[in-house]
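There are 2 protein chains.
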Amino acid sequence: MTDYLKRLTTAVDRELLDGIQPGNGTLEAAMHYALTVRGKRLRPLLFLTLLDACRIEAERFIGLASALEIIHTYSLIHDDLPVMDNDDLRRGMPTVHCKFNEAVALLAGDTLLTFAFEKITSAPLAAEKVVAIIGIITRCIGKQGMAQGQALDLEFSGQAEIIADIHRLKTAELIKGSLLAAAQIADFEDHRQQLLARAGIALGMGFQLADDLLDITGAEDKVGKKLNKDQANRSPNAVLYFGEQAVREKIDAYYREAQARVGELGIEFPPFMFLMKSMLYRSQ
Amino acid sequence: MTDYLKRLTTAVDRELLDGIQPGNGTLEAAMHYALTVRGKRLRPLLFLTLLDACRIEAERFIGLASALEIIHTYSLIHDDLPVMDNDDLRRGMPTVHCKFNEAVALLAGDTLLTFAFEKITSAPLAAEKVVAIIGIITRCIGKQGMAQGQALDLEFSGQAEIIADIHRLKTAELIKGSLLAAAQIADFEDHRQQLLARAGIALGMGFQLADDLLDITGAEDKVGKKLNKDQANRSPNAVLYFGEQAVREKIDAYYREAQARVGELGIEFPPFMFLMKSMLYRSQ
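Taken in order, these protein sequences are the chains called A and B.
Position one of the first sequence corresponds to residue 51 (the numbering used here), numbered consecutively onward.
Position one of the second sequence corresponds to residue 51 (the numbering used here), numbered consecutively onward.
Keep in mind that the hints were calculated from the coordinates and are not lab data.
Given the structure is predicted, the values throughout are model-derived calculations rather than measurements.
Cβ coordinates follow ideal geometry from the N, Cα and C atoms, glycine included.
It cannot be assumed that every hint is accurate.
Quick list of simulated restraints, FRET-style, between CB atoms [to be verified]:
#1 B:Tyr-331 with A:Lys-149: 40 to 46 Å
#2 A:Cys-148 with B:Glu-109: 45 to 51 Å
#3 B:Ala-214 with A:Thr-86: 29 to 35 Å
#4 A:Glu-205 with B:Pro-174: 34 to 40 Å
Counterexamples of contact, computed for chain A against chain B with all Cβ distances above 10 Å [unchecked claim]:
#5 Arg-88
#6 Gly-159
#7 Ala-201
#8 Arg-242
#9 Arg-284
#10 Glu-299
Turn these sequences into a full structure, and let the hints steer you where they fit.
Shown next as structure tokens:
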């Protein structure tokens with residue numbers, strides 16, 4: 051990772067904990083714990099590098115970037131709960147309900163989602179843009195977005211033909227939303243927003259396929275969570291249904307699609323291109 | 051209830067279901083179910099009658115009013131879950147996790163919270179006011195508001211001196227927020243916002259005490275949920291710690307406090323006064 055991306059990651063990591071006091075009781079301690087566990091911070095980095103690519107000073111929007119990661123973290127905490135995916139390990143650390151308990155994990159997720167919207171309201175932007183961004187994000191993570199993806203995932207019982215829908219909703223929508231939030235700030239016109247949305251979906255779909263590959267072929271100590279769970283869980287892991295070779299080819303196709311749309315948009319900022327590639331071709 | 055309040059309630063009930071298609075799968079079916087179960091709609095009614103009291107046409111803000119009820123509904127669904135209060139009955143009907151399952155109830159709550167913010171973004175207001183209202187609501191329901199109240203409730207083990215804090219956070223903050231949202235629309239200056247916040251807290255505290263009384267002294271078929279649960283649950287029910295007489299006196303005191311603040315504000319709209327009274331002195 052370049053020094054530039056490291057600097058942004060450090061800024062996001064610091065901002066994530068801003069205003070959360072682990073000494074204020076169990077709820078804030080659990081929120082703090084969840085945000086301290088190191089992640090790749092991909093959604094904030096996509097958002098921030100896209101801003102810089104558009105010659106908008108990314109450093110001003112670390113707060114908004116961190117709100118995207120907070121939303122992602124809320125979704126992980128709830129997805130890891132025993133009634134959902136029942137995961138004990140996340141990013142190499144005990145999941146929130148294992149570290150605390152299920153009730154606290156449920157509330158910590160709820161509160162992080164709420165806190166993310168509070169954070170977005172204080173972005174240094176015209177109120178119209180704040181409202182537009184909240185609209186984009188709520189649509190990407192709601193009943194026709196991420197939450198619906200998790201609902202379909204729960205109901206999944208082997209129908210290969212809906213795996214792509216689950217991936218799009220559960221993973222790609224928030225990635226698309228992170229890019230579209232930057233597009234609002236950068237005043238993209240409708241046509242360019244649509245190109246970016248297509249790039250975001252391709253990127254998110256490819257990223258989820260890379261995740262599926264890692265679950266089957268990765269090294270547990272590198273990935274930081276229990277692997278081969280998808281087979282045991284009857285999860286919509288594309289590798290189990292289409293095979294490793296087909297999934298690698300799909301990843302290539304999504305990468306080309308994302309590159310083509312980003313090319314049409316004239317975005318040639320190397321850290322953004324590096325991020326796209328590292329999301330789809332990764333070993334952890 | 052007056053025809054005026056009935057009309058507003060009907061409008062809120064209709065608006066609550068707007069955009070939610072129970073045929074779109076389990077998630078939306080669960081959201082729809084939770085919103086169909088009839089409630090008193092107190093938060094929307096307080097918000098709407100306060101607008102009318104300020105000579106602002108309430109009918110224009112049914113969408114925003116329904117967002118307040120949607121947030122309340124999200125909190126009920128999550129609070130009712132087995133890992134939280136473990137309630138089977140709510141408003142006389144099976145709770146969402148009993149009607150569907152725990153995972154769906156968790157997701158339905160998450161999605162309703164998200165949907166509420168989406169709804170607020172489309173209120174017919176200047177963007178500055180939308181942002182201010184989202185800021186108010188997120189603070190009232192977040193880590194220093196409703197969610198923190200539920201966290202303290204979970205940890206409660208008989209410390210009578212924190213019962214008032216739990217009631218304020220868990221119940222009064224969102225009632226305060228509902229009033230302050232109307233105050234934003236009506237351009238209340240700071241001093242008037244503070245008076246209204248005090249009225250909201252008093253009203254919320256009194257309302258929670260009335261709920262505690264009902265749990266001990268009410269008729270199960272009227273209240274629509276299992277009673278005497280608080281004793282079994284070691285809940286922070288004020289009646290168990292201070293006795294019925296003292297709680298009735300506290301309710302009177304909160305009622306006088308709310309009336310005094312509303313009097314200072316010069317709000318004398320009869321439906322608003324009726325609502326205040328019916329929240330604190332009720333048999334169901």
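Worksheet item: For which of the previously enumerated hints does the structure constitute a violation, in increasing order of number?
Response: Failing hints, ascending: 6 and 7.
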